[in-house]
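Q: Sequence:
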Amino acid sequence: MTSAPASDGPMSLLFDIWLLTGLTNGLLDDILVGSELNGDDFGMYSLLRRYGPATPTQVHKWTGMRSTTVSAHLKRLEARGHITRSANPADGRSHRVGLSAAGEAAHDAAAEPFLAAMHVLRARFIPDTVRERLVLQHLDTVLRESSGLDKRPYRVVLEQGASDHDLTGAPVLAYAGEPLSSAEEQQVRLYIDFLRSQESNDTRPGIPGSS
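Sequential numbering from 305 applies to the sequence shown in the numbering used here.
Simulated DEER-style distance windows between Cβ atoms: (1) Asp497 to Met315: 25 to 33 Å; (2) Arg384 to Val424: 27 to 35 Å; (3) Leu494 to Asn342: 40 to 48 Å.
If you are wondering where the hints come from, they were derived from the structure by calculation, not from laboratory data.
Note that the coordinates shown come from a computational prediction; the quantities given were computed from them, not determined experimentally.
Yeah, the Cβ is synthetic: ideal placement off N, Cα and C, and Gly gets one too.
Between the sequences and the hints, there should be enough to build the whole structure, so can you do that?
A: Pasting the structure below:
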């Protein structure tokens, strides 16, 4: 039996995300074990209920799932009688899918154990979950841009009146405008580095970096 190679430190950020994805899917499956839906189903039903009807192509661009995976998933939902298909008024060559009344009922039933579990989990998460979600939203944006996908159908924002300090007491620069692309964020970071370099080079009293 060969031994595992020695670790040279933490794994990559993408591996971190992969681990979280697996943990999330497994936890959702356990939470929903008594309902008609599994974790993947619950996500798809929630997406279609909130943002549907939508074309299968749009579902692919929102989720990043391969088109064949989206198609297979929708066929399973259709076999249960949980989705409806209708003509796409914007393009006669495609169609849109949405939840049927039976699909909404199945989603409602699954939402009960989901919300109960979230009530317990919320107390175990870091209190400032909005900032956690903002970090995840940034990762989401980078991955979408890398894959040429659409923006997610919603965005998380820092609520009005939220603290302008993080959990350590350090000040946080809040930004409530349209989300920046990864290239724009990189430019902002470079400018911040430039400002800090100017501050460190100016040792005169008064406002740092002033002339």
